Each structure stands twice: as structure tokens, then as C-alpha cells.
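Peer 1: Put together the whole structure using the sequences plus the hints.
Each residue of the sequence shown is one higher than the one before, starting from 1262 at the first, in our numbering.
There could be a bad hint or two in this list.
List of simulated lysine-lysine pairs, DSS-like, C-alpha gap at most 30 Å [stated by the list, open to error]:
#  : residue 1 : residue 2
1  : Lys1263   : Lys1534
2  : Lys1427   : Lys1271
3  : Lys1398   : Lys1591
4  : Lys1398   : Lys1263
5  : Lys1398   : Lys1472
6  : Lys1306   : Lys1397
7  : Lys1306   : Lys1427
8  : Lys1263   : Lys1397
9  : Lys1472   : Lys1271
10 : Lys1427   : Lys1591
11 : Lys1397   : Lys1271
If you're looking for bench data, these hints aren't it; they were derived computationally from the structure. None of these values were measured; they are calculated from a predicted model.
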Amino acid sequence: MKLIPLAEAKTLPRWRQPAFLLFLMAAAMPIAFSTWSALLNNFVKEAAGFTGVEIGWLHTVREIPGFLAIGVIVLLWALREQVLALLALGLLGAATAVTAWFPTLGGILTITLLSSIGFHYFETVNQSLQLQWIDKKRAPQTIGWIVAIGSGASMVAYGLIVATWKAFDLSYNLVYLVSGGLTLAIAVFAAFAYPQFEAPDPQLKHFVLRKRYWLYYVMQFMAGARRQIFVVFAAFMMVERFGFEVHEVTALFLINYLVNMVAAPFMGHAVAKFGERAALVFEHGGLMLVFLAYGGLYWFGWGVMLAAALYVIDHLFFSLAFALKTYFQKIADPGDIAPTAAVAFTINHIAAVFLPAALGYLWVISPGAVFGLAAAMAGVSLLLALLIPRHPEPGNETVFSRGLPLVAE
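Peer 2: Given below as C-alpha cells:
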């Protein structure tokens, strides 16, 4: 495959330029992953009788590849990032397609592990490509559009499920086959339709852990721990406590992504205007209040409408997380982006390996306590966000480093 420097890629037709490939991959991934997520809680309850304990173990298994994302550095010795991204995307699609063929605890855990390898390795490399291929000055706006496109793809997938699940009495097998197969087909198309783009800064292909990135690492750890509670238990709550069926859960997801599709570009502009510090403080402050309200659903017996509204608001706050990406882009050495993306993904998933299983046991005792713990985590993240300077750059990574010389590590 022909190598084309990024500077020359501007001469290609618009649909074959790097940004369009990022947009295409942003649309392809949610077709499989969002469909898998929408059906998951109902599928595992009906197929294998999952409770909070089993769902916790499933998500622990799902997060193991995220914890091992540092293995991307090894794979990059043999594969270009663009090639690895499309291979991982294809694996996600293929594994999603056959999910319903394994309706047992062991089968579900195994196929989940395979799809998770595809998802996490794709996300690791995709984040690196975004930060290498997108100009720093336009990164918040462009990544905002990438988020919006991903939300739009999810919205289409969810809309089709809502419209057809009951009307045509669809099966889990058919929906998984179609969604996973489409993602696989897009990955194959992208592999042949696009040249290999070459960024101007060669990426280091060894483990990188720098002291001056410490705040980014800690915030990644907290984000991973906090997000697990939302991903694992918020949707499961809608099924277990309020009895949502597949089309109802999917309708809630549909509303989620409609809101995100509209809001994400504006969030990108807001991050560009007000800075990463303000965006992340707003995100974590809002999440702290939302998680406390989740707890109130159990402590005070609040109703289903509030639960649904909180779920949408929760997801909206989480969509601001890309501000952490652009914060790192501003403070990073250009050659550090790929290896640090792998390291950060591993750090992000440290808590993910044990937290879902551990909290699964707490869930059966006190679901409200699980959400109270999430609120505390959001509070810690809020304090950490206050340490980001208004204009981060190399040598000015935190408020403590103002005026300090940049020391080589």
C-alpha cells in the first residue's frame, strides 16, 4: 500500500483524506459496539440468567484487553497504526456478529473477550491517530465532530432496533449478525480504499512513562474507575429495577445519542474557547451531582422518569471527556503520542479489571452505595481538573509547573 505524507494527503479527494477516514471509523465502531451494548443486559438475563454478580464478572473480563492495551506498543513493531486500527475494528465486528451463538456464561465471556480485544486495541490506536493527524488548533472542534458522528451512527443503530425489534419480532442472532457484519465490511473497505498516511513525527515504539505527564495519568485512572460504574451498572439498573425491555433500553440509548450528536460540536467549540480545565471541571462537577441523584433512586424511591433523564444527562457529561485528550495533545512531545496512548489506556483500565466484579457483590447488598462511591470518584476528578493550567503546553503541564524549565527525561 502506498505511503502518503500527511502534507500531501490534502491533494486527495476529500473522501480519501485522513480526516474522512477518522470519520468513517468513528461511524463504523458504534454500529457493532452500540448494538452489542443495547442488547447485552436483556440478552444475558434471558440467555444465561445473569444477576449483578455475573454482569460484574462479564465487564471485568471485557476490560482485561483494555488493561493490556500496552501490548499495542509490541504490535506496532510489526504493524503500522492504521493497519492495526482496521484489523482491530474488523475483529470487533466479527466477534459481535457471532455473539448470540454462545448463550452460556462461558460462551458469553469468551466472545466478549474477543470483541473487547478488537474494541480496546482499536480505541487505543484510533486515539493516537486522531492526535497525530489533526492539527492542535482545530483538535477540539474536529474531535467534537468525530464524537458527533459516532453518536449519529449509534443513533441510527438504536433507531432501527426500536423501530423493528417488536414490529418484526427480531432475534438477538439476526441483529448481532447484521450490525457486526456491517462493521466488518466497513473495516475491509477502508483497508483497500485508503492509502497509508504517514505523520511527520515518527512514533516511539517502546514503553514511555514521563514524570511530567503525571496529572494526565492520574486523571486517566480516575476516569476509568468512575466510568466503569456508569457502563456496568447504570443500564443494568434500568433493566433490573425498572423492568426495561430491549426496545425501551434502546430507545433510551437513542435519545442519548441524539442529544450527543447535536451537542458534541458545540462542546468542541466550548473546549477550544474556555480551555480543557474549565471543561473538565464542569464535567466532573456535573457527574458528581448525577451519581448522587442515581443513589437517590434507591435511597428515596425516586421514579423511572428521573432515572431515564439522569441517564441521558450522565452520558452528556461523559462526552466532554475528549478534553482530556486535547490536554495531553498540548503537553506531549509529538513522538510520545502512540506509546502514551497505549500506556494511558492501560492506566485507564487498571480499576476496570477488578472494580466491576467487586462492585457486583456490593450491588446485591446496596446499589445506592455503588453510586455513592462513583460520586466520590467524580469529586476527586474535579479536584484534579483544577490542577490543569489555563494554557497547558510542554513545561506548563500543571499549575505546579508554572515557570519551571522543561527537563529532559
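Peer 1: Next, verify each hint and record whether it holds.
Peer 2: Hints versus structure:
no.: 1; hint: Lys1263 / Lys1534; in the structure: violated (38 Å)
no.: 2; hint: Lys1427 / Lys1271; in the structure: violated (46 Å)
no.: 3; hint: Lys1398 / Lys1591; in the structure: holds (10 Å)
no.: 4; hint: Lys1398 / Lys1263; in the structure: holds (28 Å)
no.: 5; hint: Lys1398 / Lys1472; in the structure: holds (25 Å)
no.: 6; hint: Lys1306 / Lys1397; in the structure: violated (45 Å)
no.: 7; hint: Lys1306 / Lys1427; in the structure: holds (18 Å)
no.: 8; hint: Lys1263 / Lys1397; in the structure: holds (26 Å)
no.: 9; hint: Lys1472 / Lys1271; in the structure: violated (36 Å)
no.: 10; hint: Lys1427 / Lys1591; in the structure: violated (48 Å)
no.: 11; hint: Lys1397 / Lys1271; in the structure: holds (17 Å)
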